[in-house]
Amino acid sequence: MVTESAVRRLTYIQAANEAVHQLMESDPRVIVMGEDVAGAAGREDQGFIDAWGGPLRLTKGLIQRFGPERVRDTPISEAGFVGAGVGAAATGLRPLVDLMYAGFYGVCADQITNNAAKIHYMFGGKVSVPLTIMTNIGAGVNSAAQHSESLYSLFAHFPGLKCVVPSDPFTAKGLYISALRDDDPVLIFNHKMLMGLRAGPGVPEEMYEVPIGRASVAREGADVTLTGIGYTTQVCLQAADDLAASGYSAEVVDLLSVSPMDEETILESVKKTRKIVIVDEDYPRCSFASDVSALVAEQAFDYLDAPPVRVTPPHTSVPYSTALEPLFMPSREGVVEAAAAVLE
Amino acid sequence: MVTSTSDLTTDKALWMFETMMTIRRFEEQARREADAGRLRGLHSSIGQEAVPTGVCAHLRDDDYVLGTHRSHHHCIAKGVDLNEMMAELLGKATGTNKGKGGTMHIADVNKGMLGANGVVGSNIPVAAGVALSAKVQGRDSVSVVFFGDGAANQGSLHESMNLAAIWKLPVLFVCENNRYAESTPVEYAVAGTSVANRAEGYAMPGVTVDGQSALDMFEVAGEAVARAREGRGPTLIEAQTYRYMGHFGADDPLSYRTAEEEQYYKDRDCIERMKAHLIETGAASQEDLDGIDARATEAVAAAVRFADESPYPQPEELTTDVYVSYP
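Top line first, the protein sequences correspond to chains X and B. If you read the first sequence in the numbering used here, its first letter stands for residue 1, the second for the next number, and so on. If you read the second sequence in the numbering used here, its first letter stands for residue 1, the second for the next number, and so on.
One should not assume that every hint holds.
Restricting the straight-line Cα-Cα distance to at most 27 Å, the calculated cross-link-like pairs of lysine-lysine (DSSO-like) are [what the hints assert, rightly or not]:
1) B:12 with B:275
2) X:60 with B:111
3) B:168 with B:111
4) B:266 with B:12
5) B:111 with B:135
6) X:126 with B:266
7) B:12 with X:60
8) B:135 with B:168
9) B:12 with B:111
10) X:126 with B:12
Keep in mind that the hints were calculated from the coordinates and are not lab data. Predicted model only: the values in this text are computed from it and were never measured.
Please model the entire structure based on the sequences and the hints provided.
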């Protein structure tokens, strides 16, 4: 347990950054690659170094501590450097590769889905690919359709890949550490609305793992289960406050891993509350939300007092305008409304 | 010149002949297995034996080779066990990949064969990463990726050549230009018709070589491997070669090329030329070479017996090896 005196209020970015520093310090096999992960590459002699520290500043300071051999700015060549991450991982390194936005998967999908995901299986288990890909997801800052997708459902579709979605600074640090220590390829999805967040239980300074494939009960309750993932966990927690004010006790399950899915925690919660609202910002068709809904319908049908409900965006791309974007994202009010409907 | 054919010892020359002979006999048998319906998805490398043989003559077990959908010759040249290869082709549990990969995915890391790959151009960035891994870990091993003239038009080659050049990675990009991407002729699909010239844009050596000559391949690859091993960066080699068979088992190549063209290349067969060289230089007699051929033929026959006698994978293998660990 984290004691009150030990609570450190780091932001999500600071927590993830600390995790990567500690991982590189403790394991010489860890390298970092991506576009502008340091910035001003090759201009150390002109006094320019670490100009960006990553598009989110998540990798800030790494090149100054660990040098350009292990912290590599890449050209804008996702197929090239994600593929290089696969090859490096297959032969002894533990690369952390930054895919700037999840929507850029399209230019390197072959490397992720045909190589990283399948090498272990195709080669009869004789080669493993301990590659970690981190990528930025989510709407909320008017980045429009190509820079705001969530897309983790897409990768969860592929056997061989693990997918995690931290929901706060504590889970970010723990999941980064678990991902880089994992022997399988792991994708970490960083929601941009969480980057400045300091909420949650605080971030211990020492290294710790948040286990991949385990959900956590972020708030206990008895009347209805709200499942969130990444940013929507924060939305669910806010909605639970509102529901409490109306006299309902909502349990919030923070899914954290999309693959593997923690079926047990979801089913346990639903068997207790007998109602579920699944809140997910990814596109609604063939999605993780539909998978959770199917799980509950198939394996907890007899416990349900109401059909599972999904709160997701409509089947549309992410709009730019401030008048439209909030209509895309699952909202606190939308979750309360959906919960109220199953509670009544 | 770091390497020349004068560096080619008799032992190495005979190894190259035996390797090419083994590839040819293995591929002939693979074709028979495919015709008998025991093997699916065959892409024959007959005609292209000299390319990986000349390159792998310079490689160690801790050097890595990455291949394509047409990679039996890469695997054999890199020393992968014939028995395990044949077992893999027949989907047996004793195969290199436990029967889960098949003809297009043979891998054996202990021999430095990091896998054939069924997607055109897919392995090129991976090879750059293997070279990066060696560099970061301070090992002097090199990485070689073979690909075809079809893959020369994939963006992945260009991204990887740029990456390898700016980071001076110890990698060889070896294009086996066999003149056809499936049925599409190289003069139609490759602008400028030279793959080697594309190296110029990435400030690395680009060499065109007669891929039907094991001796020429040995010489060019020797220089490129030495360059990579000494930390002087990547090389692009365009080996001009020819696949005697169709793109895949049922493909009739005469639906897109002439018999005269086929004969032109068969008259320059890499194995026949190596035989002539060995006899001319007195390195071997015809009887010696016949003996090597007999040994290769027997090794392939033994591989078939091994594969035949091997069990198929157990049903539980369907879901193992998806992950190293999955709760």
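Hint check:
no., hint, result
1, B:12 with B:275, "holds (14 Å)"
2, X:60 with B:111, "violated (40 Å)"
3, B:168 with B:111, "holds (25 Å)"
4, B:266 with B:12, "holds (24 Å)"
5, B:111 with B:135, "holds (20 Å)"
6, X:126 with B:266, "violated (38 Å)"
7, B:12 with X:60, "violated (52 Å)"
8, B:135 with B:168, "holds (9 Å)"
9, B:12 with B:111, "holds (18 Å)"
10, X:126 with B:12, "violated (30 Å)"
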